[in-house]
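Line order of the protein sequences matches chains A and B.
Everything in the first sequence is counted per the working numbering, starting at 1 for the first residue and increasing by one.
Everything in the second sequence is counted per the working numbering, starting at 1001 for the first residue and increasing by one.
No lab work stands behind these hints: they were computed from the structure.
Note that the Cβ used here is the ideal one computed from N, Cα and C, for glycine as well.
Fair warning: there could be bad hints in the mix.
Pairs of lysine-lysine, BS3-like flavour, derived with a Cα cap of 30 Å [to be verified]: (1) B/Lys1106 with A/Lys30; (2) B/Lys1040 with A/Lys30; (3) B/Lys1083 with B/Lys1129; (4) B/Lys1129 with B/Lys1144; (5) A/Lys30 with B/Lys1235; (6) B/Lys1083 with B/Lys1106; (7) B/Lys1083 with B/Lys1144; (8) B/Lys1057 with B/Lys1106; (9) A/Lys30 with B/Lys1129; (10) B/Lys1083 with B/Lys1057; (11) B/Lys1040 with B/Lys1129; (12) B/Lys1235 with B/Lys1106.
Here are some chain B residues the structure puts well away from chain A; computed CB gaps all over 12 Å [as the list claims (entries may be wrong)]: (13) Arg1061; (14) Cys1193; (15) Trp1229.
Cβ-to-Cβ under 7 Å is the rule here; a few derived chain B residues that face chain A [claimed, not checked]: (16) Ala1095; (17) Leu1096; (18) Asp1101; (19) Arg1102; (20) Pro1105; (21) Leu1117; (22) Ala1153; (23) Asp1158; (24) Asp1180; (25) Val1184; (26) Ser1278; (27) Glu1281.
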Amino acid sequence: MLIQRGRERLDCEVADFERFSALPEDVQRKVLEDLGCPCVDASTRLLLLKLERMGVLRCL
Amino acid sequence: MMSLLDALSMLRRFRGYIAGAGGVGDMINALRWSVWYAVKWWLEARDAGMADRPVAKALYRSLLHHGYIDEGGRPVKRVEQPKRPRGPYAQEWLALHEAFDRAFPKILRGDVEAGRLVAESMQAQGWYKLWRDDFLEAAGFEGKRVLEAPLSAHNAVDIYSSRSPELYVGYAGSDEAVEDLLEVSSAVSVGQCPGSGICVFVAPSACEVADALGQLAPREVLLFNSLHWMPDPAKEVACLKRAAPGALFYVGQAVVETMPGFLAITSAAGAIHTFSRSEVEAALEAAGLRRRKLLLREMPFYAAVWSP
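Same shape as in the complex, but just chain A (with noise of 0.2 Å):
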């Protein structure tokens, strides 16, 4: 059954720094400057779905 999630802006925080941690260092700067900002493309938006759906993040 397909959710739509029809969430204009993605407001995240880390949920989980333990696995936040394990991610690559370029990936965790990229994460931590795109967080909250209303201004990520649709390749970040996809990287911070995911790591939401990973419990990495947290996402309103």
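With chain A's structure known, arrange chain B on it following the hints.
Relative to the frame of chain A, chain B by itself:
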């Protein structure tokens, strides 16, 4: 480390990749790190009695091929720790290996999620995008009516944004990948395809949706680092051939002859197979394809264009 043919092809066709790595010296340094880590991981796996794990088997096959271990898994060549590269994309490549190294004890214990986390984040790294985009450019990929097998959300979003294809279609094995795509792009259709935009069918393989894919007349099939996920690659590629009989097949694949550390990283997220170059070509030939253009034999990956 790299055959003369691959070195010449890299210099001729993959200039952006080399420049992004910081030049040939930094690229070679980055590739050496992959060997250095692979030897470290193999020895850790062997000493822990876990040489039978899929990731360890990938390391074994690749390190044996490159002559770093013997058939008994014993090191036969000393590997010095390389210099840290300075090029931005080479540093990202190294950061990927460092992240995998931190996760390796968990991965070795069978934690597929730990491997998936590294592999997922890899697709957001600049070097990975540069690698994919340079491959497409070098292969002459037009990007008009694209069928990706199976569809990668990262590739779909990036390629749709950069090349504006009429159609980007594929299939995904779970609702999750589709839900993420629906949230990032308004161009996505699921199940029913209007013939343009990004279309996704939820299906375990190409064979279940070959007729629906065929009605969309795809002209290019993208198989980018994906054959190792297919339970039966020859069967699945044959279904893709049925769906796209006039298409060119763009194949980019990490193989045993590729950098062993990178092969392990791509295997650890639950890959079903580890292929050598000849095994990849045998699967494509068994599916009824023939090779049209060979871009890279094995290093830093296998790259070729095939057609029915």
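Each hint tested on the structure:
no.: 1; hint: B/Lys1106 with A/Lys30; verdict: 25 Å, holds
no.: 2; hint: B/Lys1040 with A/Lys30; verdict: 28 Å, holds
no.: 3; hint: B/Lys1083 with B/Lys1129; verdict: 24 Å, holds
no.: 4; hint: B/Lys1129 with B/Lys1144; verdict: 19 Å, holds
no.: 5; hint: A/Lys30 with B/Lys1235; verdict: 40 Å, violated
no.: 6; hint: B/Lys1083 with B/Lys1106; verdict: 27 Å, holds
no.: 7; hint: B/Lys1083 with B/Lys1144; verdict: 42 Å, violated
no.: 8; hint: B/Lys1057 with B/Lys1106; verdict: 16 Å, holds
no.: 9; hint: A/Lys30 with B/Lys1129; verdict: 15 Å, holds
no.: 10; hint: B/Lys1083 with B/Lys1057; verdict: 28 Å, holds
no.: 11; hint: B/Lys1040 with B/Lys1129; verdict: 27 Å, holds
no.: 12; hint: B/Lys1235 with B/Lys1106; verdict: 33 Å, violated
no.: 13; hint: Arg1061; verdict: 25 Å, holds
no.: 14; hint: Cys1193; verdict: 15 Å, holds
no.: 15; hint: Trp1229; verdict: 16 Å, holds
no.: 16; hint: Ala1095; verdict: 4 Å, holds
no.: 17; hint: Leu1096; verdict: 5 Å, holds
no.: 18; hint: Asp1101; verdict: 10 Å, violated
no.: 19; hint: Arg1102; verdict: 6 Å, holds
no.: 20; hint: Pro1105; verdict: 11 Å, violated
no.: 21; hint: Leu1117; verdict: 6 Å, holds
no.: 22; hint: Ala1153; verdict: 6 Å, holds
no.: 23; hint: Asp1158; verdict: 6 Å, holds
no.: 24; hint: Asp1180; verdict: 5 Å, holds
no.: 25; hint: Val1184; verdict: 5 Å, holds
no.: 26; hint: Ser1278; verdict: 32 Å, violated
no.: 27; hint: Glu1281; verdict: 32 Å, violated
Of the hints listed earlier, those the structure fails to meet are numbers 5, 7, 12, 18, 20, 26 and 27, in rising order.
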